[in-house]
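Colleague: Chain residues, written in single-letter form:
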Amino acid sequence: MAATADTVRQVEEVTGRAYKHGFVTDIDMEMAPKGLDETTIRFISAKKEEPEWLLEWRLKAFRQWQQMKEPDWAKVGYPAIDYQDLYYYAAPKQKPKLNSLDEVDPELLATYEKLGIPLKEQEILAGVVAVDAVFDSVSVATTYKKELEKHGVIFCSISEAVHDYPDLVRRYLGSVVPAADNFFACLNSAVFTDGSFVYIPKGVRCPMELSTYFRINAENTGQFERTLIVADEGSYVSYLEGCTAPQRDENQLHAAVVELVAMDDAEIKYSTVQNWYPGDENGKGGIYNFVTKRGACRGRRSKISWTQVETGSAITWKYPSCILQGDDSVGEFYSVAITNNAQQADTGTKMIHLGKNTRSTIISKGISAGRADNTYRGLVRVGKRAEGARNFTQCDSLLIGDKCGAHTVPYIESKNPSARIEHEATTSKISEDQLFYCMSRGLSTEDAVGLIVNGFCKEVMKELPMEFAVEAQKLIGISLEGSVG
Amino acid sequence: MALLEIENLHAEIDGKPILKGIDLSIEAGQVHAIMGPNGSGKSTLSYVLAGRDGYEVTEGSIRLDGQDLLEMEADERAVAGVFLAMQYPVELPGVTGMTFLREAVNARRKAAGEDEIDAMGFLKMVRAKAKTLGVTDEMLKRAVNVGFSGGEKKRNEILQMAVLEPKFCVLDETDSGLDIDALKVVSEGVNALRSAGRSMLVITHYQRLLNHIEPDVIHVLAHGRIQKTGGKELALELEQNGYADYVEAAA
Numbered sequence: 003m004a005a006t007a008d009t010v011r012q013v014e015e016v017t018g019r020a021y022k023h024g025f026v027t028d029i030d031m032e033m034a035p036k037g038l039d040e041t042t043i044r045f046i047s048a049k050k051e052e053p054e055w056l057l058e059w060r061l062k063a064f065r066q067w068q069q070m071k072e073p074d075w076a077k078v079g080y081p082a083i084d085y086q087d088l089y090y091y092a093a094p095k096q097k098p099k100l101n102s103l104d105e106v107d108p109e110l111l112a113t114y115e116k117l118g119i120p121l122k123e124q125e126i127l128a129g130v131v132a133v134d135a136v137f138d139s140v141s142v143a144t145t146y147k148k149e150l151e152k153h154g155v156i157f158c159s160i161s162e163a164v165h166d167y168p169d170l171v172r173r174y175l176g177s178v179v180p181a182a183d184n185f186f187a188c189l190n191s192a193v194f195t196d197g198s199f200v201y202i203p204k205g206v207r208c209p210m211e212l213s214t215y216f217r218i219n220a221e222n223t224g225q226f227e228r229t230l231i232v233a234d235e236g237s238y239v240s241y242l243e244g245c246t247a248p249q250r251d252e253n254q255l256h257a258a259v260v261e262l263v264a265m266d267d268a269e270i271k272y273s274t275v276q277n278w279y280p281g282d283e284n285g286k287g288g289i290y291n292f293v294t295k296r297g298a299c300r301g302r303r304s305k306i307s308w309t310q311v312e313t314g315s316a317i318t319w320k321y322p323s324c325i326l327q328g329d330d331s332v333g334e335f336y337s338v339a340i341t342n343n344a345q346q347a348d349t350g351t352k353m354i355h356l357g358k359n360t361r362s363t364i365i366s367k368g369i370s371a372g373r374a375d376n377t378y379r380g381l382v383r384v385g386k387r388a389e390g391a392r393n394f395t396q397c398d399s400l401l402i403g404d405k406c407g408a409h410t411v412p413y414i415e416s417k418n419p420s421a422r423i424e425h426e427a428t429t430s431k432i433s434e435d436q437l438f439y440c441m442s443r444g445l446s447t448e449d450a451v452g453l454i455v456n457g458f459c460k461e462v463m464k465e466l467p468m469e470f471a472v473e474a475q476k477l478i479g480i481s482l483e484g485s486v487g
Numbered sequence: 014m015a016l017l018e019i020e021n022l023h024a025e026i027d028g029k030p031i032l033k034g035i036d037l038s039i040e041a042g043q044v045h046a047i048m049g050p051n052g053s054g055k056s057t058l059s060y061v062l063a064g065r066d067g068y069e070v071t072e073g074s075i076r077l078d079g080q081d082l083l084e085m086e087a088d089e090r091a092v093a094g095v096f097l098a099m100q101y102p103v104e105l106p107g108v109t110g111m112t113f114l115r116e117a118v119n120a121r122r123k124a125a126g127e128d129e130i131d132a133m134g135f136l137k138m139v140r141a142k143a144k145t146l147g148v149t150d151e152m153l154k155r156a157v158n159v160g161f162s163g164g165e166k167k168r169n170e171i172l173q174m175a176v177l178e179p180k181f182c183v184l185d186e187t188d189s190g191l192d193i194d195a196l197k198v199v200s201e202g203v204n205a206l207r208s209a210g211r212s213m214l215v216i217t218h219y220q221r222l223l224n225h226i227e228p229d230v231i232h233v234l235a236h237g238r239i240q241k242t243g244g245k246e247l248a249l250e251l252e253q254n255g256y257a258d259y260v261e262a263a264a
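Listed in order, the protein sequences are those of chains G and R.
Residues 3 to 487 in our numbering are what the first sequence spells out, letter by letter.
Residues 14 to 264 in our numbering are what the second sequence spells out, letter by letter.
Next up, chain G with everything else stripped away, as it sits in the complex (with noise of 0.2 Å):
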C-alpha cells in the first residue's frame, strides 16, 4: 500500500544508519546473580512461585542441556558463548499484581511510547489488538482480558498461566518442543523466564488480533521467552509478535521457544516482525536470535500458518515448523529475512508430512546486502503414511552489491510415492536498470532500492496483518538503507 511513501517518512526521521529502538531504560532491575547451575533455576523458580512439577521438569531439562554441545551446522560464525557469564533472571521491581495501566510505571510506559505501541493509545483504539507486554521478563500489562474472557479466550503470560491454569499448561507444555529437543531449546526449557500463553476454546474465533510485543532491556540477560498457543476444535486465532531490543555494544543471547497447538479444524496464524538490534556496521553488539518454534497440526483440517519478517538480529537460527499429523491439516511458512552489514541468518522451515492429504506451501524470500549472509534452510518430510500429501516451495534470493552471500539448502526426504513435491528457487540482483528507471521518475536511491526489494517481498507481506504490514514496510526500507550507492 503507501510501502514507500512510508518509508520516505521513516528513513526521514532515523538520520543515518542509526538504530530506532536503541535506548536504554532505567528503571531498578531485580536479577539473578551471573551464570548458570541448579540453584539459578530453583531461584527464578522460587522468584515465580511455580509448583514443584515444573522445577522439576526445569531441573531435568538442566541435566539433559548440560549434556548437550551447541550445534554448528547452521552457516552461521560466532565467538563461543560463556553461558556462565549472563544473568538469567531480570525482573523490574514492581509491584506484584498490577489492576490497571495507571499502575505502570511511568518510565516504562515511556519506553512504549518509544517504541511506538503506547499502551494507552491501544486501549483507546478498542479492540483492535489485545497487547500483553513483556518488558525483560516479567508481563506488565494485559490488556484486553475482559473482552476476551467474555469469548472464554485466555491470553495472560505464561507465568499466570502455570498458577491459574496449571492442568492445560501442564498437558501441553513441551509437547510440541520436547524440552531436550535441541541445545537452545533445551537451554530455554530450563531457565524459560516468561512468555505468553493463549487458549482458544472449542469453536471460538477469537474477535482481535493477540500481540506481543517483546524486549530484551537488562544489560547482559539473554532472554528466553516460552510461548505457548493451544487452538482448541474449530477455533481461530491470529498472533502478532513484534521484537525491538535496545543498542548495546555486546551480543544477546535470545533463545526463545514457541509452541502451537492446532487441533480439529482450528487454525492459527503467527506473524513476527523482528527487529532485534542487527549489531553495528562492523557487526559489534546485535542480538543472537536462536529461537525454536513450531507447531502441531494435530487435527484434521487444522492449519498453521507462519509468516516472518526478519530484518534484525546480528545472527538468526530459526526454522518455524509444522508437524502436520491430522489428515488434510495444512501448513505454510512466508518468510522475508534481510540481512545487511555483517548480519548472519541461517532461517527456514521444517514442514512434516504425516497425515494423509497433508499440504504445505514454503515462501522464503532473503535479501542480502553489505557483507551479509543469508541462507534458507528448509526441510520437506514425507512420512510413509502421508497418502497424497503435498508441498510446494519457492526459495527466492535477492542481493544488493557483490560483497554479500545467499546460500539454499533444501532437504526432501519422501517415504510416499503419491507424494507431491515441488521446489522453486531464483537468485538475482537489484539491477541498475531497476534504480535508474526508478529515479529517472524522481524516487532518490533509498526509496527505489525500499520499492524494488517491498515489491520482491510482496507475496509474503500481503500475508501480515493490515498494521503489521505497515510497519514491515518501512523496516524493509531502513534496514536497507545505505546498502546501495
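Everything labelled a hint here was simulated from the structure, so no lab data went into it.
Quantities reported herein were computed from a predicted structural model and do not represent experimental measurements.
There may be inaccurate statements among the hints.
[Said to hold, decoys possible] Derived pair list, reagent style DSS-like, types lysine-lysine, alpha-carbon separation capped at 25 Å: (1) G:Lys460 to R:Lys154; (2) G:Lys460 to G:Lys431; (3) R:Lys180 to R:Lys123; (4) G:Lys431 to R:Lys154; (5) R:Lys166 to R:Lys197; (6) R:Lys166 to G:Lys460; (7) R:Lys142 to R:Lys166; (8) G:Lys417 to G:Lys386; (9) G:Lys49 to G:Lys36; (10) R:Lys166 to G:Lys431; (11) R:Lys154 to G:Lys464.
[Unchecked claim] Ranges between beta-carbon positions, derived for each pair: (12) R:Val70 to G:Glu72: 48 to 58 Å; (13) G:His409 to R:Gly42: 49 to 59 Å; (14) R:Glu127 to G:Met468: 18 to 28 Å; (15) R:Glu69 to G:Gly484: 21 to 31 Å; (16) R:Leu136 to G:Lys286: 38 to 48 Å; (17) G:Asn284 to R:Ser74: 39 to 49 Å.
[To be verified] Simulated coverage check for chain G against chain R, where a stretch passes if three residues somewhere in it have a Cβ under 8 Å from a Cβ of chain R: (18) 425-437; (19) 440-447.
Every residue, glycine too, gets a C-beta built ideally from N, C-alpha and C.
Starting from the structure of chain G, add chain R where the hints point.
Modeller: Below, chain R without anything else, positioned relative to chain G:
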C-alpha cells in the same frame, strides 16, 4: 532564454568519447526531433540528459530553465521536470503501476514540502488519464512492465509522462517495437501532452513517427555531433536518401 540549453556537450562511456560537442536549444512549447543512424549517440544523449550513472560528461553544460542539470542526480532532475520515456522500459516485479506512479508523484510533493497526495483523488485522476491511452485498470494493478507487450510498455511510459507532467520530455525511440495501431495511440497520447510550457525531444531512426508527432525542428545526429538542422522537409529527405551522406561526410 530557451527552456533547454545544451552547450558544447561532450560525454564518454568507459573513456570512449560518444558525444563530441552538441549544441542544442529548445524553446518552451517546441518539439524537436533527433534522427540519426545506429551508434550516432542518440541514446547516450538521452541518458546524459536524464543523468544515468556511467555516462561521464567531460565538457559543456545542460541547463533546464536556467538550472544546471549536470549538478543534479537522476532523481533530482526528474523532480526538476525532466522525463525520459525509455526505449526499453524496465520490469519491476511486485510493484504495481499504481504504486509506482504514486511513489513518483509523492517524491515530487516531498521535494516541494507538500503532504502526500490524497489516495482516492489520485486514483481517479490516473484512471481518467489511463483511459485515454488505452491503459486498463487491470494493467495498473499488474507489476510495472512485467509481462507487458511492447505496445503496453510504451503506453505505460506515456501514462507516466501524463501523470508526472514534466517540463521537458525525452522520448527515446518510442516507436520501436510498435505496430501501426499502437504507434497511433502512443502518438496521440504524446500530442495531447504538447503545451506551451512543455518541450519535447523525440529521438528516432524513422520518419514514420514524425508523421504522427510533428516536430518544429529536426536535427540529424551522427558521430556525436549535430550535422544538420532543419524543418519537416529534412525528415523526408532522410527517408529518401538515408543517412549515407552524414556517415560519409563525417568519416
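Colleague: Take the hints in turn and mark each one as holding or not.
Modeller: So, going through the hints one by one against the coordinates:
no., hint, in the structure
1, G:Lys460 to R:Lys154, "13 Å, holds"
2, G:Lys460 to G:Lys431, "16 Å, holds"
3, R:Lys180 to R:Lys123, "18 Å, holds"
4, G:Lys431 to R:Lys154, "24 Å, holds"
5, R:Lys166 to R:Lys197, "14 Å, holds"
6, R:Lys166 to G:Lys460, "22 Å, holds"
7, R:Lys142 to R:Lys166, "16 Å, holds"
8, G:Lys417 to G:Lys386, "5 Å, holds"
9, G:Lys49 to G:Lys36, "16 Å, holds"
10, R:Lys166 to G:Lys431, "22 Å, holds"
11, R:Lys154 to G:Lys464, "15 Å, holds"
12, R:Val70 to G:Glu72: 48 to 58 Å, "57 Å, holds"
13, G:His409 to R:Gly42: 49 to 59 Å, "57 Å, holds"
14, R:Glu127 to G:Met468: 18 to 28 Å, "26 Å, holds"
15, R:Glu69 to G:Gly484: 21 to 31 Å, "24 Å, holds"
16, R:Leu136 to G:Lys286: 38 to 48 Å, "46 Å, holds"
17, G:Asn284 to R:Ser74: 39 to 49 Å, "42 Å, holds"
18, 425-437, "holds (count 4)"
19, 440-447, "holds (count 8)"
Of the numbered hints given earlier, the model fails none.
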